[in-house]
Every structure is written in C-alpha cells, then in structure tokens.
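Student: Spelled out from the first residue to the last, the chains are:
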Amino acid sequence: MKYLRTIPITALLGTALTGMFLFAAIFAPWIAPYGMSEVVGDMWEPSSAQFLLGTDNLGRDLLSRMIYGAQTTILIASLATLLAFTMGSVLGILAAVLGGWMDQVMSRGVDILMSIPTLIFALVVLSVMPSTMLVLILVMGILDSTRVYRISRAVAVDVNVQDFVEVARLRGEGNSWIVFREILPNALSPLVAELGLRFIFAVLFLSSLSFLGLGVQPPEADWGSMVRENRQGIVFGVPAALIPAGAIALLAISVNLVADWILRRTTDLKGGRGG
Amino acid sequence: MADPLLEIRNLKIEVTIRPPGEKPHDITIVKGIDLDLARGKVLGLIGESGAGKSTIGLSPAGYGRGGVRITGGEVKVNGRDILQLSKGALRNVRGREVCYVAQSAAAAFNPAHRLMDQVIESTLFHGLASRSEAVARAVKLFRKLGLPDPENFGQRYPHQVSGGQLQRAMTAMALCPEPDLIIFDEPTTALDVTTQIEVLAAIKDAIQDTGVGALYITHDLAVVAQVSDEIMVLRNGELVEYGETRQIIEDPQEEYTKALVSVRSINHQAKAPEEAPILSVRNITAAYNKSADPVLKDISVELSPGQTLAVVGESGSGKSTLARVITGLLPPKVGQIDFAGRTLPRALKQRTKDDLRELQMIYQMADVAMNPRHTVGTIIGRPLEFYFGLKGKAKRERVNELLDKIEMGEGFIDRYPAELSGGQKQRVCIARALAAKPKLIICDEVTSALDPLVADGILKLLLKLQEIENVAYLFITHDLATVKAIADSIAVMYQGELVRYGPREQVLSPPFDDYTDLLLASVPQMRVGWLEEALANRRMASQGN
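Going down the list, the sequences are from chains Z and D.
Reminder that position 165 of the first sequence reads as 165 in the working numbering, one-by-one numbering, no gaps.
Reminder that position 443 of the second sequence reads as 443 in the working numbering, one-by-one numbering, no gaps.
One or more of the hints may lead you astray.
[What the hints assert, rightly or not] Subject to a maximum C-alpha distance of 16 Å in a straight line, what follows is the list of computed EDC-like cross-link-like pairs (lysine to aspartate or glutamate):
1. D:LYS349 / Z:GLU166
2. D:LYS349 / Z:GLU173
3. D:LYS439 / D:GLU533
4. D:LYS353 / Z:GLU173
Quick caveat, the hints were computed from the structure, so don't treat them as lab data.
Because the structure is a prediction, the values reported are computed rather than measured.
Between the sequences and the hints, there should be enough to build the whole structure, so can you do that?
Tutor: Have a look at this one:
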C-alpha cells in the first residue's frame, strides 16, 4: 500500500483507464449486453436504458460493438507492437554488435522501408493480400519494427562501447550473450517508453486502415471501421461515429500516461539499483 | 589576522537520497565544519571521495550540487553571510567575488565558443570592465600563466589546445574578474605528471601575484603540500585535522592523517627475471587504421611467470594500445606475441578459449567494466560457467571462495555494482579475472580512479594474490609511485616508443635518459618546497643544454 502512494496521480488514472479497456477487451463475450453483429433495434437510435450508447447504422447495439471492437483493436495492435519490438530490438542490437557490412545491409534496408510512407505501403500490400488478422499483424509489425530498429540500434551503439561489453568479448562470449544479457537489459528503459508510444501508433494505424476499408473487415467490429460505418450519421446529428473516435483518443492518452511513468521510473534506476 | 576573507561556522549540509522502493530520507554529508581564510592565503581541503570536500568548497559560492542543501551554520565572504542572500545578490557574488576552477576543464568549456569569449564572460557580465580592458586583462593572465602566444591564445577553440593549457585557461577565467576567493576543485587530477607540475607552478604564481584567497580541493596530499599554507583533512564530512601545511606533512597527529602521509609504503622486493618468459612481445608496430601513423613503434618486452611488468607513460604514449594489441582487440601491423610457449593469433576471433581464459584484463573504471544490471554473483560466476561449465551450487561455492579471496564476504553475492564502493567494485573485477584461472592479468590503470588509501589496499591485494596464484601482471599506469611499489621490471613509453626498459632497480637508477628524468622529477613528493626545487632543477637542466 505504501508503494501505491508514490505513484503519481496521472499514472494511476492512466493505469485505471487502460485496465478498464483491457478488462473490456478480455471479457467481451461476457459483459457485452448483445451479440457483436446482432441487429437489435432501429438504425441510429439515441441512447436509452435499453441501448446505453444507442445503435449504429444497421441497428446493432453500439456499446456491444464498442466492447468487441476493443477486443479486436487491442489484440491486433498489441500483437503487431510485440512483433515490431521483438524484431526491431533484436535486429537493431545485433546490427550494433556486428557492425561492418552486416550493419550497413540491415540499416540501409530499414532506410529503404522507412522512405516509403507507411500508410501508402500498407495500403499497397493490403490491396494485394487478403485483409486477414494475420496479414494485418505482420504488415503493421514489420513496418513498425523499422522505427524500433533505429532506436535500439542507436542505444545499443552507445552501450556496445562500454568496457563490460569488451570484457564479454575478451571472454569469448557469442553474439547471443552479448545481445540478450549484456546490452538488452541496459537498453530496456528507452525501449519500454517507446513500447507505449508504438502501441498507440499501432492503434491509430489500424484505425486508419480500417477507416479506409483495408483493415478489419465487416462484420468484425473494430473502432476504426465503426467510425467509417457511422460517419454518415454525423450529417444527421448522430454522434455514433464520435464514440469510437473518442475511445481511440482515450486509450492513446491513458497508455501514454502509463508509459511516461514507467520511463521516469526506469531512468531513476539508471546505473543499476540503489544508485 | 585582519578581517578574514572567508569565515565558515558550524556548516551543516544535507542531501536527500531516494533509493527506489524505499522512502526518501536525508543524510548529513557535512557535519559542522569551521574554517577561516585570510586574503592571499591558500587552504587545502583534502580527503577521499565522499569526505565532503567539494561540497564544503562550493559553499562560499552558495551552491549545492545535485540536490545538496546547506541546512545550518554560516558562510561569511567579506563579512556577509552568503546563506542569507537573495538569488540576485548571490549572482553578484558568484563570478565576481568567488570564482570556481573545475576538475575537468575540457568539460567546463563550451566547445562552440572561442576561449577569449569564455574567459572574459563573467567580467563583462558583471560590468567590471569594458571589453577591451577585459581582453587586455586576459592576455596579461595568459602571459602570467605561461600560455603560448598570449596575444592570440584566446582566439583558439577549446579543442585546439592541450589539457594542461585548458586548465590554465580556466584559471585565467577565474582570475579575470579579479575575485577575492577562488575555489580550485581538483584542478590537476586529470593531468599527466609532467603537465601537472607546470599547472601547479602557474597556479601558485598567479595566487601569489594577485593576492587572492583560495580553497584548494584535492585528494592528493603531495600536491596540496606544494600550494597551500594550511591544510584541512576531512573524512565522512567531519574534520580530522586542521593545521599549518608543514605540521600536517611532517608531524601529523591523527591516525588517519598519518595513513595519508605514509601512503604507498608498500615494500615489494623486485624479483629477477626467469629464463622462460610467459609473455614475450616482439617488435610490435600497430596503428588504428591502415594509413595512420603507428601508435606503437617496434615494441619488444618480456614478462616472467608470477612477476609484474609495469608499463609507464603519459596519455598518448601508447601504453593502453599495447594492452589492446596483446588482448587481440587491435591486431598489430608487424610483430608477434608469444604467450605460455605458443604464438598467439593476432586477432581476437582466431584465439582459442584457452588463449582467452589465460589472459585476463582489469580496467581502470570498475563501474563501466561491470554490467550494471548483473549481480556480483553473475559477474564473477559467468567466467566459471563459461570456461569450466560450473553450474548451480558448485558455481555459487566457487564465487564465495573468490569473494573470500578478495577480502569481501558472502553477503555481496546478490548485490548490484551500484551498491558497492569504488574499491569494492575494483575488487569484484579482480575476482572476475581470477575466476578464469589466468596466467597473465593485464591491469590497465586499475588504481588511478581510486582514493590513495583504497588504491593501496588494492595494490596489496594484487601482490598477495600474485604470491598465491603465481599470476603475472602487465601493469599499465601513469603513476610512478605505484610502479615503485609493485613492479619487478619497468618499461617506460613515450609517444609510442619504448624509451627505457629493464629490471626495476636498473630503470630507476641513474644515468637517466631525458624523458625518464623528467618523468621522475615531476612526481610530487610529500614535502613542503618540492615544487620550487623541481622547477629550479628543471631550469638548470635546460640552461645546461
């Protein structure tokens, strides 16, 4: 309990909100009042005791779709971020450790990928490939990993010249020990901060793709596609499109608050524990 | 004594520490210090790291570093209590009445501005002189401090001058506003001995000429003995001894002061070289890239099993490069290295696990030589696991055995490097090297980042371990006192060349070559008046030439 009091209020708020979103995502089938694609009323009904957030353009319960949407959105975004991080950080650190032409090949490859605007690149790939969940995760993960690669390579280059890495080299350690045991633990704090940020970008990216119709396909619900489905309602003064948009913003802010706090904590720890 | 320049009464300084996972709490780092300083006098503050000497030294500027708070007492400069002043009034004291000379001039100068602009900056800021007057003053100071081409020196950028010159430029910066008090914070610690002596002489002359009062902070008693009138010995924020320089050096009263004065009293009997050397470096020439000038030129040395070869030289002499060549980090252009009866492959990648195991290295900065995210157990245990396949209980037992050997208890096995003191960190590094059961350990300036008493402990430990394990040391250092203490043979290097090499007694007895003579004459001795003698000798020698 004592420990809780040292957490800043913004971080507590962020944690609570993020927790709420995660809870909704994990237990969606149990807490959603109606089925995801069940038509239960008229189109664009206002909010009432029966439909807390009203209904959407096909007369489905908006709250239920929001809850299922949270599941899809958060799942795809997290898996894509996870993939981006595993790939980006391992390859980035490896590039710093190996140096020489391997570093050149990998870094220039990443430069090429980064020189193409991500959204356009994703649109091209997704218009050729089927928009399944797996393809979405792969495309988003690989595109995002280029950013993580750049950061982890930059951090690892600094750590790589430290004496303790030289000690490990002189001992004859292989690259995997140097990457995972010597450098990664010391590169973690900037990477964790980046993790929060990249997750938000993944949510936004997925939402843009869905809004453009190349992301999650109907009848699956996700926040981006819900904005797309209900956008005509705005003309008639129906706020159905604004609710998922607001949810995206709220999730982004709350995750950011948590990431900020973790960053501050880990930089406090810089140079080891008790320092 | 007339109106004292600086008067400190019952000074108390606290700092808040915030260990993660624990409540922040305050610790007192300076516990009630009194001191007086008259105009034109120099007071030396001496003590090991954590003694509070820098914290006390900065108090006349009303400044506390990194969350340090002055919580009690008075600090009077020219009769005014600094601690009662407003921020604006304090700004008028700083850089006008009180100036500061930092340890690392290289870090204290802004690399983007010319030296002159920085030297006269505070003089102009306080409106003490017009620009042309300030420049004239600075040029005069440059001349007084013995800087080359004083008229144009200020036009250079910090990276265009040497470390010793930069330190003198910083002294000029402090003297330029004609302050009443200057705080010197370890001004010569980062310099080579031959440069240190010049800077010391320049500082001493400048203080005498301008009649400014000075606080001289250092951990090196021999240095402070040359410049100060009085010395205050501090330990853990408390006063140990305070007196005239001559009394402190020649007749110390307290045990701790006696220990400081008699430091480096290790008496190691030099051994004669044996027939079969464990390491022989033959005609090594090396450079950092293909086209560059070689940093090592035709170096050949030998080292017998269980003995110590000290490689001495200033920064840039190539002594650390020699270590890199031997370890294989920098393959030599020409020459070969024989080790334990075989020729070592030139590059690290071609060496076998045994080659690597038998040749260990200990670094100068123990804190960066250990992964801050690993525990002591992992740090020492990894070589055991890697070379001998020890796991679990056997590994833990062996780690404890090694901890015992370096005179540290079992309780340290789960600690992180950040929880250790400087000396303990270096001990852990020694244990890590020993864990591999090496035949040769390369020690790269292993004691130069440590306080003298702690360094002494490390040297004694190294000698003891050498007796037990029969391991040979290649000891790289710039400190001749260390060399005298532990070496069996000595190699003196200068600008990549071996200027003198042989058994200890032979290298340290006359006739000397010019460089070795200069080097030996530049090592500060623990007595009053050494600086003047050394300078006089130097002048005589240059006239003789």
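Student: So, for every hint listed, does it hold in this structure?
Tutor: We went through each hint and held it up to the structure:
| no. | hint | in the structure |
| --- | --- | --- |
| 1 | D:LYS349 / Z:GLU166 | holds (13 Å) |
| 2 | D:LYS349 / Z:GLU173 | holds (11 Å) |
| 3 | D:LYS439 / D:GLU533 | violated (43 Å) |
| 4 | D:LYS353 / Z:GLU173 | holds (10 Å) |
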